[in-house]
Amino acid sequence: MSELGVLEETHLTFRLAPEMELEVRACACEMAKSIRMSTDKVEEVGMAVVEACINAIEHSRAADGQLHLGLAVLGSAGADEPQGLRITIQDQGVGFDCSKLVPPRIEDNLKSIRKRGWGLKIIEGLMDEVNVLSGEGGTSVVMLKVL
Amino acid sequence: MTEGLKLKVERRDGLAVIYTEGYINNQGGEEIAEAAYGLLDEGFGTLLLNLAGTKIVNSIGISILIEIIEKMIEVEGRLSFCHLTPTIEKTFHIMGLAQYASIFPDEQAAVTELQAGAS
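Going down the list, the sequences are from chains A and B.
Just so we're aligned, residue 6 is where the first sequence starts under our numbering, counting upward by one.
Just so we're aligned, residue 357 is where the second sequence starts under our numbering, counting upward by one.
Rather than coming from a laboratory, the hints here were simulated on the basis of the structure.
Only a predicted model underlies this, so the values are computations on that prediction, with no experimental measurement involved.
Don't take every hint at face value.
[Said to hold, decoys possible] List of simulated lysine-lysine pairs, DSSO-like, C-alpha gap at most 27 angstroms: (1) Lys38/A - Lys411/B; (2) Lys364/B - Lys126/A; (3) Lys46/A - Lys427/B; (4) Lys427/B - Lys38/A; (5) Lys427/B - Lys116/A; (6) Lys126/A - Lys427/B.
Whole structure, please, built from the sequences with the hints as guidance.
Below is the structure:
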């Protein structure tokens with residue numbers, strides 16, 4: 006999808022707080038519906054957005070207490086027909102080392118006291134492309150859903 | 357803030373059904389766990405979670421469901437799910453929950469199989 010252009014773009018900022026993930030989800034789902042994404046795919050976008058927000062709420066430790074949402078409708082240059090939705094969830098928190106992430110396994114999870122750490126695996130399973138960029142300036146989760 | 361998760365429990369022959377309505381997050385997951393462990397104490401070893409009234413879950417809520425599955429395995433009981441949205445069902449498969457908890461399309465199918473298995 007990297008060859009596609011941006012047909013429409015929106016940026017919104019939210020305050021990091023419990024259940025703000027539902028507000029962010031509503032905005033992303035509204036945009037997905039507006040480009041006639043199927044109901045099942047809209048719901049998958051919603052779930053992925055919830056997980057990205059929860060990761061930011063729990064781990065970002067962003068001093069500004071903010072989360073930034075970017076929604077970009079993608080399509081072929083010169084054509085108005087949308088072909089996908091790119092969603093960016095960004096915080097300006099402490100970041101993390103992506104190389105140290107270990108994908109969870111249910112077999113291990115059941116025996117472990119800690120049963121968390123599923124967010125990124127869920128996002129990757131529900132979206133068509135996922136890129137996570139993280140460092141001292143914060144974390145960006147960029148997710149793509151094709152129509 | 358959303359309203360908290362609402363739960364309803366029905367006790368049947370050898371089986372208890374927990375109906376959820378609302379968002380399953382950490383608080384909702386804890387409420388389900390409390391209900392499930394109470395039913396276990398009452399002697400119900402087969403539990404069915406009917407999620408017809410739940411359209412949104414998050415991984416914190418699901419992690420608490422994993423704790424319930426672990427407890428059911430310990431006591432040789434069984435936790436099953438029915439009426440999942442396609443996205444919640446897909447998420448359970450992504451996480452591998454379907455290996456440890458049965459997923460049924462609807463309550464009728466679940467009750468038929470679970471009661472046959474319990475008898």
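Consistency of the hints with the structure:
1. The suggested pairing of Lys38/A with Lys411/B holds, with an alpha-carbon distance near 16 angstroms, which does not exceed 27 angstroms.
2. Distance restraint check for Lys364/B and Lys126/A: the Cα-Cα separation of roughly 31 angstroms exceeds the 27 angstroms cut-off, and the hinted pair is therefore not satisfied.
3. Among the hinted pairs, Lys46/A with Lys427/B is inconsistent with the structure: their alpha-carbon atoms are about 33 angstroms apart, more than 27 angstroms.
4. For the suggested pair Lys427/B and Lys38/A, the alpha carbons sit about 40 angstroms apart, so the restraint of at most 27 angstroms is broken.
5. Restraint check: the Cα-Cα separation between Lys427/B and Lys116/A comes to about 11 angstroms, which is no more than 27 angstroms; the hinted pair holds.
6. Between Lys126/A and Lys427/B the alpha-carbon distance is near 24 angstroms, which keeps this suggested pair within the 27 angstroms criterion.
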